[in-house]
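S.K.: Each chain, letter by letter, is given below.
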Amino acid sequence: MNETMAQISDLAFEAALAGYVVALVCYAIELASRRGGDRGDAQAAGVASRAAQRGGTSTLTRTGGGSSGVTGNVAGGATGAIGLIAPLPTASWGVRFGRAAVVVTVVAVIANVVSVVTRGLAVGRLPLGNMYEFTSVICAAITICWLIVFARTGARTMGAFVMLPVVILAFVAGTVLYVPAAPVVPALNSYWKWIHVTTVALSSSVLMVSGAASVLYLLRGRYERRLAALRPSGGGGGNDIAGVRGFDAARPEVGSPAAEQAGAARTDRSLLGRLPSLATLDRIAYRTAIVAFPVYTFAVIAGALWAEVAWGRYWGWDPKETCAFVTWVIYAAYLHARSTAGWRGRRAAWISVVGFASIMFNLFFVNMVVSGLHSYAGLN
Amino acid sequence: MTVRDSTQPTDADLQIDPDAASAVGRPLPPGQGFFGRLLAAGRNVWRQLTSMRVALILLFLLALASLPGALLPQWSLNSAKTAQYLLDYPTMGPILDRLGLFEVFASPWYAAIYLALFLSLIGCVLPRSLSFIGQLRMPPVATPRKLSRLPHHHRLEVDGTSQEVAARIRAGLRGWRVEQRSELLAGVARGIALDVGGSAVVGANGAAEGETTAAADSDLAATTVLPNSALPNSALTISAEKGYLREVGNLVFHLSLLGLLIAIAVGKLVGYEGSVIVNTGSQFCSTSPASYDNFRPGLLVDGTEMVPFCVDLQNFHAAYTDQGEATEFAATVRYQAGADAGTDTWHDATLRVNDPLRMDGERLYLLGHGFSPHFQITYPDGSVRDYAEQFAPEPNDPNFTSEGAVKVTDPPGVTGDDIRKQQLAIVGIFAPTASVHGGIMTSSFPAANDPGVAIDIYRGDLGMEGGRSQSIFSIDTSQVDKGALVKQERTNLMMGESVTLDDGTKITFTGYNEWVSLQTSFDPAQVWALVSAVLLLSGLMVSLIIKRRRVWFRLRPAGRNDGVTSGDGTADRTVVEIGGLARTDQAGYGEEFSTLTALPEPGRR
Chain H
4 MNETMAQISD
14 LAFEAALAGY
24 VVALVCYAIE
34 LASRRGGDRG
44 DAQAAGVASR
54 AAQRGGTSTL
64 TRTGGGSSGV
74 TGNVAGGATG
84 AIGLIAPLPT
94 ASWGVRFGRA
104 AVVVTVVAVI
114 ANVVSVVTRG
124 LAVGRLPLGN
134 MYEFTSVICA
144 AITICWLIVF
154 ARTGARTMGA
164 FVMLPVVILA
174 FVAGTVLYVP
184 AAPVVPALNS
194 YWKWIHVTTV
204 ALSSSVLMVS
214 GAASVLYLLR
224 GRYERRLAAL
234 RPSGGGGGND
244 IAGVRGFDAA
254 RPEVGSPAAE
264 QAGAARTDRS
274 LLGRLPSLAT
284 LDRIAYRTAI
294 VAFPVYTFAV
304 IAGALWAEVA
314 WGRYWGWDPK
324 ETCAFVTWVI
334 YAAYLHARST
344 AGWRGRRAAW
354 ISVVGFASIM
364 FNLFFVNMVV
374 SGLHSYAGLN
Chain C
16 MTVRDSTQPT
26 DADLQIDPDA
36 ASAVGRPLPP
46 GQGFFGRLLA
56 AGRNVWRQLT
66 SMRVALILLF
76 LLALASLPGA
86 LLPQWSLNSA
96 KTAQYLLDYP
106 TMGPILDRLG
116 LFEVFASPWY
126 AAIYLALFLS
136 LIGCVLPRSL
146 SFIGQLRMPP
156 VATPRKLSRL
166 PHHHRLEVDG
176 TSQEVAARIR
186 AGLRGWRVEQ
196 RSELLAGVAR
206 GIALDVGGSA
216 VVGANGAAEG
226 ETTAAADSDL
236 AATTVLPNSA
246 LPNSALTISA
256 EKGYLREVGN
266 LVFHLSLLGL
276 LIAIAVGKLV
286 GYEGSVIVNT
296 GSQFCSTSPA
306 SYDNFRPGLL
316 VDGTEMVPFC
326 VDLQNFHAAY
336 TDQGEATEFA
346 ATVRYQAGAD
356 AGTDTWHDAT
366 LRVNDPLRMD
376 GERLYLLGHG
386 FSPHFQITYP
396 DGSVRDYAEQ
406 FAPEPNDPNF
416 TSEGAVKVTD
426 PPGVTGDDIR
436 KQQLAIVGIF
446 APTASVHGGI
456 MTSSFPAAND
466 PGVAIDIYRG
476 DLGMEGGRSQ
486 SIFSIDTSQV
496 DKGALVKQER
506 TNLMMGESVT
516 LDDGTKITFT
526 GYNEWVSLQT
536 SFDPAQVWAL
546 VSAVLLLSGL
556 MVSLIIKRRR
566 VWFRLRPAGR
576 NDGVTSGDGT
586 ADRTVVEIGG
596 LARTDQAGYG
606 EEFSTLTALP
616 EPGRR
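Residue numbers (the working numbering), protein chains in the order written: chain H, 4 to 383; chain C, 16 to 620.
The hints are simulated quantities; they were obtained by calculation from the structure and are not laboratory data. Predicted model only: the values in this text are computed from it and were never measured. For each residue, glycine too, the CB sits at the ideal point set by N, CA and C. Fair warning: there could be bad hints in the mix.
Claimed, not checked - A few chain H residues that don't get close to chain C, going by computed Cβ distances all over 10 Å:
(1) Val25
(2) Leu124
(3) Ile151
(4) Val218
(5) Ser280
Stated by the list, open to error - With a straight-line Cα cutoff of 30 Å, these simulated BS3-like cross-link-like pairs (lysine-lysine) come out:
(6) C:Lys96 with H:Lys323
(7) C:Lys283 with H:Lys323
(8) H:Lys196 with C:Lys436
(9) H:Lys196 with C:Lys283
(10) C:Lys562 with C:Lys502
(11) C:Lys96 with C:Lys283
Stated by the list, open to error - Here's a subset of chain H near chain C, in silico, CB distances under 10 Å, partners left out:
(12) Ala154
(13) Gly157
(14) Val182
(15) Ser193
(16) Leu308
(17) Trp314
(18) Arg316
(19) Phe328
(20) Thr330
(21) Ala335
(22) Ile354
(23) Ser361
(24) Met363
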C-alpha cells in the first residue's frame, strides 16, 4: 500500500471526471450551435456532384463559411435551379467548442489513465479489484475507443452521446462505488483475473461505443424518415434529387423556394440532423462490434477457465455467467442479422441496442442487486 | 445459422452466386398423395427451421429464456434461497416452480430451444460445408455482364494489348484465385452455345494451388464463355476471388459450437461433484458418493466407478493483513490417488484458492474454511468426554464469527426415558479473536489469536427421535418453545475456562481446530470443451477478419465500345473495366479495390 500513489490516483480521477464533464458540455455546445458545418458542406458538394452526374443543370445551394441567402438560383441554365437547403450561418465558434471538446477529452482520458495506473501502483496489483476500479477502467477504455473512432471517421457530433454515459459512469464510480485503495481477497488473486477482467472491461467499453452508435442510428433513421415524409417532392434522403427538383421548380406550389426553405429550416433545427450520416453510424457500430465481439468471447472463455480453477467447474450458470451468455447470444444475433436480408439496418441496430442494455445490466445490476459468485464488487 | 450469402440482394441480383440459384425453392408437382404432401410439409418445416430468420428468432428466445436463470433463485445454485422465495411468494412461487423457472437450465423448454437452434445450425452448416467444398473445386465465377452495377466499379484505358494487360493484372493478383476467360462481345455472343469445359486458361497461381481450373459446370456462365481466347471479336475477362478462409472460419466456428455442446452434455452425463468438510489432522477418502456431505452426480453416474483417492489434511494456514483482510489460504495435504490408493505411497501437495490439486481425472478444490471449538464435559457421574463440532462462519462477517451447536444425545450414566430429559446442547458462537463489549462477544479478527465462545447451554429433549432432520449447526427451537428443552446457562468462555451447571455438569472450552471444505470435481469432457472453445474463437476471428471478395476485369481493345469491330486484339490500347464485390457486409473493400484498379497500368508490379 502506497498512500501517496493512492492520493495521486484519487486526484487524477477527480480531474478526469471534471474533464469529462467539460468535454461533454463542449460537445453539447457544438451540437446545439451547429448550423451545418462540415457535414453541410459535404452534403452541398454531394448534391452538386450528383446533379452534375445526372447531366442536369447544376444547382449550387449552399457554401460553407457563413454565406447567407439563397445563392444558387442563378447558377443553372434553361431549367432554372433552386436553392434546396436554406443556408443558415455556420457558427464557427461552435466548431471551436467541438475542437476544444476533443482536446479536453484527450486531457481527461490521460488523467483517467494516470489514475488507473497510480491506483495499480498503490495497491500493487491490477486495478480491477472492485467496481470503482473496474468502472474507472471502463470510462478510460470507452473514451479511448471513442477517440480512435473519431480519428478514423471524424464523426465529432457523436461525442456528446458517447461522453454522456462516460460522465454518468465516472460520476457513479467516484461517488457510489468509490472504495479506498486496498488489497483483494485471495479468491481474486489469480493471473486469470488479469486476463478475464481486462478483456471484459475492454470489450464492454468498445461494445458501449457500438451501442451508442446504434442508438444514434435509430434516432437519425427516424429523423430521416420524418424528413422524407415532410418533403413533398419525393426527396428520399432529403437532398439528392437535384435534377428532379429542377423540374419541380416549374410547379410553384410544390417547389417554391419559400416552402423549401421553411421545411428545411424546421428540420434543420433538430439536433438529430447534425449527427453523422446513417452510413457512418452503421459503420461505426458494426466495426466496433466486430472488434469487440471476439475479445468478449475470449473474455468469457477466460472467465470459464478461471472458474474451473477457482470454483471447480467451468460453467455453472451463476447469474453473471448467465448474463454474459445472454449478451453473447445477442451480439451473435446482431452479426447474423447483419447478413440477413430484411434484418440489416434498423432491426440490426435494435439488436445492438438490446446488447448494449444487456452489457450495462450485466455490469451493474447483476453485481449490485443479484447475489452470486461474482458479487465481490466491494459493495456487500 | 451461418451467414447466408445467397440472401444478399447484390449477389442474387447479379446471379453470380452458384448457391443462389440452387437455393430458390422448387415448386412441388401437384397431386402426390398423402405421402407426398407429408414429405412436402416436412421439407417445408425443415426449410423454415434452417432459415436465417428462424435461427435469429431462436437466438432471441435462447437469450430471453436464459434471463430467469439470472434473475430468479435457482434450485441448483442456492436451494435455501429458492425455498425462501417460495415461502415469500406463496401464489406466484409454486406456479413459477411448476414452469421450471427455478431450474431454467434443466427445464424441457430450455432444452427445446437450444436443440431446435442446434438442429437449425446443423441444417445450415452441413449443406453449406458441402457447397463450400464444391466451390473450392470450381474456378472463380465468370464475369458479370454489367460490371457497372457492382458496388465497386472503375474504368480506364491503358497502353498495351489485351494479352499484355491481362498478364500484368494476373501478375498483380498474387494470393488470389484467378481465372482468365475470353468471351464474345455482347450482341455477337447471343445464341452461341456453351462449350462445357472450354475455358482453359490457367490462373496466375492456379497451378501452384493445385486447383483445377476447367469450368466444369455451366452454372458459372453468367456471361457467355468461349473456348478459345484467340477468336476475334472477343474480350478477355479475368475473374479473381480471395478470402476463402473466411468461409472455413465460419464453418469452424459453427461446428465448434456443436462440439462445445456435446462436450458440455458429456460432462453433465458422466461428471460429478462432491463436497465435504474435513478437519485438520484427519483423512478423507473418496470411494463412493456416501463419503461426501453433498454429492451431485451426473445423469449416468451411479457411484460405482469412482476413481478412489485419499487426502490427509495435515495443516491449514490462513494469512491476514493487519487490517484483517485475507491474503492467503493454504492447506497442506498428503494424497494418494489411482493405483496408489490404499498403499503407503503418499504425495505432498498444497491446496490453495485458485490452485486445485489435479489427480487422475479428479480435481480437488479448497473452497472454504472454518473453526471447530473443542469442549470437555465432566458429567455428574464423573465420566469425562471430549466434543468437537464444526461451527459455520457467519456469512458476510470478515472476522469469522462462527455459529454452531454441540449436541449430546447420549449423556453417560443415564438410561431409558431419562435420556430424553438429560440430553445436552451447547449452542452459540465461536469468535477466533474474541472481544466482549457489554457482555456481547464478537470477533475482532479472523485469525484465532484469542478464541472465545459465547454459549447457551440447554438440557432436555433435543427432539432427535421424531425423525425430522436437524441442522448440525443449530438446535430445534420448537423444542425450546414447547419447554422440552430448557436453557440452563448463558456464558462467555475463553480458552481453558469452564462453567458448572446446577447438577454438577462441568463444561470446559478446551481449544479448537480448523476445518476446510473441499470439493471434488470430475468432468472428463472439459478438455474437449476447451478445445472447442479455442476453435470457436479462432474460427470467429478468421471469419470476422478475413473478407471474401471478388474482382473482375474485362479487357477490350480500345475504340470498340460498340462491340462490332474487325480488330484482331493487337491494338495498342486496351479499355479495362473493373468491378469489385465484397461478399460480406464488411466495409473496407474500397481501399483494396483502388489498389486493384491500378493493376492494369504498365510499370506496376
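S.K.: None of the hints should be skipped; say for each whether it holds.
M.R.: Hints, one by one, checked against the model:
No beta-carbon of chain C is positioned within 10 Å of the beta-carbon of Val25 of chain H; the least distance is around 33 Å. With 10 Å as the threshold on Cβ separation, the claim that Leu124 of chain H sits away from chain C holds: the shortest Cβ distance comes to roughly 18 Å. Every CB of chain C lies more than 10 Å from the CB of Ile151 of chain H, the least distance being 15 Å, so the non-interface label holds. The beta carbon of Val218 of chain H is kept farther than 10 Å from every beta carbon of chain C, the shortest such distance being approximately 19 Å.
The claim that Ser280 of chain H is not at the interface with chain C holds, since no C-beta of that chain comes within 10 Å of its own (minimum 13 Å). With a C-alpha separation of about 17 Å, the suggested pairing of Lys96 of chain C with Lys323 of chain H holds against the 30 Å cut-off. With a CA separation close to 20 Å, the supplied pair Lys283 of chain C and Lys323 of chain H stays within the 30 Å bound. Of the pairs offered as hints, the one joining Lys196 of chain H and Lys436 of chain C is violated, with about 56 Å between alpha carbons and a cut-off of 30 Å exceeded.
For the suggested pair Lys196 of chain H and Lys283 of chain C, the alpha carbons sit about 27 Å apart, so the restraint of at most 30 Å is met. Our distance criterion of 30 Å between C-alpha atoms is broken by Lys562 of chain C and Lys502 of chain C, whose separation comes to about 78 Å. Restraint check for Lys96 of chain C and Lys283 of chain C: the C-alpha separation of about 24 Å stays at or below 30 Å, so the hint holds. Here the hint on Ala154 of chain H is broken, as its CB sits about 16 Å from the closest CB of chain C, past 10 Å.
Taking 10 Å as the C-beta cut-off, the interface hint given for Gly157 of chain H is violated, the closest approach to chain C being about 15 Å. Because the closest C-beta pair between Val182 of chain H and chain C is about 12 Å apart, greater than 10 Å, the hint is violated. With a least beta-carbon distance of about 4 Å to chain C, the hint placing Ser193 of chain H at the interface is held under the 10 Å criterion. Here the hint on Leu308 of chain H is kept, as its CB sits about 7 Å from the closest CB of chain C, short of 10 Å.
The beta carbon of Trp314 of chain H comes within 7 Å of a beta carbon in chain C, closer than 10 Å, and the hint placing it at the interface holds. Residue-level restraint check for Arg316 of chain H holds (minimum Cβ-Cβ distance to chain C is 6 Å; threshold 10 Å). The restraint placing Phe328 of chain H at the interface with chain C holds, with a minimum CB-CB distance near 6 Å, inside the 10 Å limit. At a threshold of 10 Å, the smallest CB-CB gap from Thr330 of chain H to chain C is about 8 Å, leaving the interface hint in force.
The closest approach between the C-beta of Ala335 of chain H and any C-beta of chain C is roughly 6 Å, which is under the 10 Å cut-off, so the hint is satisfied. Given hint, Ile354 of chain H at the interface with chain C, holds; its Cβ is 8 Å from that chain's nearest Cβ, closer than 10 Å. Interface restraint check for Ser361 of chain H: the shortest CB-CB distance to chain C comes to about 8 Å, inside 10 Å, so the restraint holds. About 14 Å separates the beta-carbon of Met363 of chain H from the nearest beta-carbon of chain C, more than 10 Å, and the hint is not met.
Checked against the numbered hints given earlier, this structure breaks hints 8, 10, 12, 13, 14, 24; the rest are met.
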